[in-house]
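Under the working numbering, the first residue of the sequence shown is numbered 15, with each subsequent residue one higher.
A hint or two may mislead.
Straight-line C-alpha distance at most 30 Å; calculated DSS-like pairs for lysine-lysine [said to hold, decoys possible]:
1) 51 to 66
2) 60 to 114
3) 51 to 107
4) 66 to 114
5) 51 to 114
6) 60 to 107
7) 66 to 107
Simulated from the structure, these hints should not be mistaken for laboratory data.
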Amino acid sequence: MHNAKSREHAHTCRKARAIFKLRYKNKTKHQLSGSLKLASLPTAMKYFVAYKNHFSGSIDFTRLPVALVLLFLTENQLSGSVVLTQLPGSLEKLDLSRNKFSGGRWWSG
């Protein structure tokens, strides 16, 4: 039984590394940095909250999980353009404020 749990934990850790390329700066809360690969999230994931960190790079918003209902990436260092026309139809709440996205008023249709 212990070995099965160890294998399950190792599998979970491998999946997390595929999603996040993280570097932990210190023991203070919300100090994660690196890039996010949201396309690697499980397709059944409904909620993803990663606010007040130091994540950087661009996000591929066209490949989010189809079941995603809530996505909060507020207060990071994310950049690039945002394509709102290809978000999952299930998405109800989205907060991308306080990042470095380009394209001016990308939130207006």
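Status of each hint after checking the structure:
Proposed proximity of residue 51 and residue 66 is supported: the alpha carbons are some 17 Å apart, at most 30 Å. As the CA atoms of residue 60 and residue 114 are separated by approximately 25 Å, the hinted pair is consistent with the 30 Å bound. For the proposed pair residue 51 and residue 107, the alpha carbon gap of about 19 Å is at most 30 Å, so the pair holds. Taking the CA atoms of residue 66 and residue 114, the gap is near 13 Å; set against the 30 Å cutoff, the hint holds.
Straight-line distance between C-alpha atoms of residue 51 and residue 114 comes to about 17 Å, which keeps the hinted pair within the 30 Å bound. Between residue 60 and residue 107 the alpha-carbon distance is near 11 Å, which keeps this suggested pair within the 30 Å criterion. The straight-line distance between the Cα atoms of residue 66 and residue 107 is roughly 17 Å, inside the 30 Å bound, and the hint therefore holds.
In summary, this structure violates none of the numbered hints.
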